[in-house]
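Engineer: One letter stands for each residue in the lines below.
Number of protein chains: 2
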Amino acid sequence: MTPTITAFARSPDRGRGLGRDMRVRWALEEVGQPYNVRLLSFSEMKEPPHLALHPFGQIPTYEEGGLALFESGAIVLHLAERHPGLLLPVDANARARAITWMFSAVNTVEPPIFERSLFTILERDKPWYQERLPALDEGVRNRLRQLSTYLGDREWLDGQFSAGDLMMVSVLLRAKQSPLLDEFPNLAAYLSRGEARPAYQRAFAAQLAVFTASTAS
Amino acid sequence: MTPTITAFARSPDRGRGLGRDMRVRWALEEVGQPYNVRLLSFSEMKEPPHLALHPFGQIPTYEEGGLALFESGAIVLHLAERHPGLLLPVDANARARAITWMFSAVNTVEPPIFERSLFTILERDKPWYQERLPALDEGVRNRLRQLSTYLGDREWLDGQFSAGDLMMVSVLLRAKQSPLLDEFPNLAAYLSRGEARPAYQRAFAAQLAVFTASTAS
Chain P
1 MTPTITAFAR
11 SPDRGRGLGR
21 DMRVRWALEE
31 VGQPYNVRLL
41 SFSEMKEPPH
51 LALHPFGQIP
61 TYEEGGLALF
71 ESGAIVLHLA
81 ERHPGLLLPV
91 DANARARAIT
101 WMFSAVNTVE
111 PPIFERSLFT
121 ILERDKPWYQ
131 ERLPALDEGV
141 RNRLRQLSTY
151 LGDREWLDGQ
161 FSAGDLMMVS
171 VLLRAKQSPL
181 LDEFPNLAAY
191 LSRGEARPAY
201 QRAFAAQLAV
211 FTASTAS
Chain F
1 MTPTITAFAR
11 SPDRGRGLGR
21 DMRVRWALEE
31 VGQPYNVRLL
41 SFSEMKEPPH
51 LALHPFGQIP
61 TYEEGGLALF
71 ESGAIVLHLA
81 ERHPGLLLPV
91 DANARARAIT
101 WMFSAVNTVE
111 PPIFERSLFT
121 ILERDKPWYQ
131 ERLPALDEGV
141 RNRLRQLSTY
151 LGDREWLDGQ
161 FSAGDLMMVS
171 VLLRAKQSPL
181 LDEFPNLAAY
191 LSRGEARPAY
201 QRAFAAQLAV
211 FTASTAS
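Chains as they are written, first to last, in this note's numbering: chain P, 1 to 217; chain F, 1 to 217.
Bear in mind the hints are in silico, worked out from the structure with no lab data behind them. Incorrect hints may have been included.
[As the list claims (entries may be wrong)] Listed next, the in silico DSSO-like pairs over lysine-lysine satisfying Cα-Cα at most 30 Å (straight line):
#1 P:Lys176 x P:Lys126
#2 F:Lys176 x F:Lys126
#3 P:Lys126 x F:Lys46
#4 P:Lys46 x F:Lys176
#5 F:Lys126 x F:Lys46
#6 P:Lys126 x P:Lys46
#7 P:Lys176 x F:Lys176
The structure presented is a predicted model; accordingly, all values stated were derived computationally and were not measured.
Taking the hints into account, I'd like the entire structure generated from these sequences.
Structural biologist: Here it is in structure tokens:
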């Protein structure tokens, strides 16, 4: 059965791949699973049919037969478990460590990056903008520094490419919009390695095509 | 083999259970797994021996034989997988939904709660405090409202108590420090049901005992 995911009908980042459907598209491409996409307007996301799938009115969701999931991390983990050895190592300890990196990406690395990103969008004209920004920068820098120190000259976070890398690269993609990521050349190179994967390229092109079509209409 | 977790030697919340070791202690109690605790000072958390276990210099960590994990969500998931049927349903779809709620707790519900909490601690004396607070309140309220609408009169998020509830209750515990949670009586009651579980009570007492001992010395 071909699963169906949801995505923005009109990408708020203009197709730069920051929508969280990108993570799920990428995982689907990595495991070679074809999928359908149902596009939603911002108003449709807050209406009962979608809220029945996603209580927080966001994208992506994932439907496959009788199963309906939300949260990009959970969907990526589900896909990884369905295809052993591709996005999660078969070895039990290595598998647990890859899952640790998935949680680390969404719960430790992403929050300061996302907070800074929203701040620069929503509060740029506020009188406190210049005074508050350095502390947010430092919060992001602190996490990137720790990640950079850990990564060193590793190719991926822990041995072979895993769902942990998929999630971490996706989180770093947002940091690339700031000048902070380039302060850590090994992280910038790690991000580039993720972006260079054929599965990433296919997923990126697919979400960009949605944006391109939406602006042509 | 008895696993060892790490926790704060001196709890910054004065034993109120907000430390993320609480989530792991609670999961260990739910599955009936005895554990050891290694207490760390704030300076020890930033030194090489601990950074080798946890690249971001935080607690908790989890060590068991050759396996070393960090991130409370990943550790709770690991424990749940080790003890099928207790913190994760055996049915595959129900299991995937419980994991969805785990990610939802840490990636969708926790960030606005944590951001507001830190703001009230770190920026209370800033000139922008009163003007910025309402937007942060509204961010928290928005998530709580959506969660409350979903929960309705359910006892737990999806059937039996799961690791998803364990994580969500832990995240709501921090919101209890604000006046916002009580605006949603069904969420306050849900939190109380979590806190009333014997395993929660044992975990809470254990982390409180560390704080009590640290202040008696």
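Engineer: Holds or violated: Lys176 of chain P and Lys176 of chain F, Cα atoms, limit 30 Å.
Structural biologist: At roughly 35 Å apart (the allowed maximum being 30 Å), Lys176 of chain F and Lys176 of chain P break the hint.
Engineer: Take the C-alpha atoms of Lys176 of chain P and Lys126 of chain P, compute the straight-line distance between them, and say whether it is at most 30 Å.
Structural biologist: holds, 24 Å
Engineer: Take a quick look at whether Lys126 of chain P and Lys46 of chain F sit within 30 Å of each other, Cα to Cα.
Structural biologist: Distance ~35 Å between Lys126 of chain P and Lys46 of chain F Cα, so the pair is violated.
Engineer: When you check the alpha-carbon spacing of Lys46 of chain P and Lys176 of chain F, does it fall within 30 Å?
Structural biologist: holds, 26 Å
Engineer: Does the alpha-carbon distance linking Lys126 of chain F and Lys46 of chain F stay inside the 30 Å limit?
Structural biologist: holds, 28 Å
Engineer: Taking 30 Å as the top limit, are the C-alpha atoms of Lys176 of chain F and Lys126 of chain F close enough?
Structural biologist: Status holds; Cα separation ~24 Å.
Engineer: Next pair to validate is Lys126 of chain P with Lys46 of chain P; report whether the Cα-Cα distance is within 30 Å.
Structural biologist: holds, 28 Å
Hint compliance for this structure: hints 3 and 7 are not met, and every other hint is.
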